[in-house]
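S.K.: This is what each chain is made of:
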Amino acid sequence: MKIAVCGKGGSGKSTISGALARHLARQGHKVIALDCDPNPNLGISLGVPRESVESMSPILNALLDAGHTHKDPKIEAEVLLGRYGVDAPEGIRLVATGKIERPSNACLCCGSHNTTRQFFGELPADDRIVLADLEAGLNDLIWAKPGANDIVLAVTEGSAKSVEIARRACRLAEELGVARIIGIANRTVSDVDAKRIGEELSVEMFTVPEDRAVEDADHLGVAAMDADPSSPAMVAIGELAQLITR
Amino acid sequence: MGEPIELNKREAWAVQCMDRQLVVMEDLVARAADIRSWLALERQANSYARHLGTWLAKESIFPAARDRMRQHQSDLAGYAQRACDEVAGVDPDSLEAARAALGVRLAVIGKGGAGKTVTSSTLARLFAQNGRKVFAADLDVNPGLAISLGLPASEGGLPDGAIEEHPGSLYGWQLTGDMTPIEVVEKFAAVAPDDVRFLGLGKIGPASEGAGTDKSAAKQSVAALVHLLLGIGEPDWDVIADLEAGPTTPFERYHAFSEDVVVVVGPAWRSAMTARRLLPMVEDRRSIIVSNRFRDEPDHPGLAARFRIPFDPELAEVERQGLAPLDACPDSPAIVALTRLASLFMAPPGRRRPTSNQEVPV
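Just so you know, the sequences run in chain order A and B. In terms of the numbering used here, the first sequence has 160 at position 160, counting the first letter as 1, and numbering is strictly consecutive. In terms of the numbering used here, the second sequence has 346 at position 346, counting the first letter as 1, and numbering is strictly consecutive.
Keep in mind that the hints were calculated from the coordinates and are not lab data.
Using C-beta positions, here's what the derived DEER-type ranges look like: (1) E51(A) - E26(B): 52 to 60 Å; (2) P280(B) - E51(A): 16 to 24 Å; (3) P152(B) - D191(A): 27 to 35 Å.
Beta carbons are placed, not taken as given, at the ideal position from N, Cα and C, and that holds for glycine.
Using the sequences and the hints, build the whole thing.
M.R.: This is how it looks when you write it as structure tokens:
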């Protein structure tokens, strides 16, 4: 199974992705977590130590160092996963597709998108779950190219801008032929909020409540799953994991 | 010597960019009428020169055009020197006053959701309320600035008449050569409340319209908009750009036009990590770290905020409704804080205007 998580910056993509990966792993699934953000930080929500997240070598830099051109990374995804992946808690394997660090770097953006496609599109799911935390916005969804058998999670918080991007992501996923699109109303403060968002997205909906424990963990740069796994948002994401694999 | 040099398409594009910069410089010279406009001209020459410097610094870029690039460097230095000469005899107080009255060149960067758009839009509107001409640009393919300015989300795309194809340009498109950048703003920008002029990357259509490919409106517009920003030398315009979240846009130097950079940081640790990744990319600018939405959390280590926008449920509600914060909650704590931030960029009232009685012709 492959799951693509998309939405506006700050909507909670990484928090949801990290906690969802942890819950899926706890259910006994083998999970590969892809951080497709050019500013990778998924490791935090997975429970990887902060220092490792900051220093993590993304595939793209490694490929450039090895002499590959940025548009043409030709090593098989499976090999890259073994070579550049990082172990996260509960047997999760984390890999970052690209990171931009210095103005002196060669252009990495196309490469970042291509690596996203290579990993999400071409890495066989087989008996495991590939979960991709996509770059903010819609571009990466086009690059990842989820298909009929994949799941797209469109994450949004309450702001009109965030809802609009999630709405566009849902329509785009429909056009790409994705059979299962789930809208995640994140950090909702009321049922009215969740209902309004559901009407906008008009897809299967799931609600994750506002949760101070998550905010506190976010501030410290630790996984909410480690800080307080019984907090309302973490429990909700556990239910989401059940819903997805049922 | 003297033989025509073969330029590839990228080099031909670079040469055309330099030609167009000279047109902008000559336009500024022709209209320079007071101390402030000569200072603006000097700033514009230096701004172009700094951008050229990023090309010159890379040996591999535009090899066949390097002689021209060095010539251009010398031309720009000539304009800067001429401006210096023009103001050479001016007393320091008048010079300082004129400098303080120069329009702002501001880029706003940070992680997604940090609060870039509310910051950019509110500053733009406040500058305009203070009597400035303001151009605000959204360099994010996911439009948000229009909404926060008080415009419909669909407004402000660059029309066909403002862009043209060039095989050597980024994504194959560039700003039209028929007009100077400021003329494009005056002709095509959407008019937002308080008379703020606004342009964005246009709307990403459905996948079938080529979103994510070189044919998308955003890809066609982005190089044009970046060069448009870089080419506004007018002293009486404030220019503000809201950059797409994260490191890609500063990495691509979309902030090349700016003198000041606001880095917005939220309370989450990953927002601080983003800021730490961004700051080296803008180290040659004056940067201000603005913390947003903190409650009682301390500043992130190594990222002391120079300015603070407090956590504000009233603003969050206005964001839920998709309204312009300055209209919907002007007295909320966050907007009051942003009003103070705006005043940081605006000189004291007595020094707003040029000392010369002669206004800059438009």
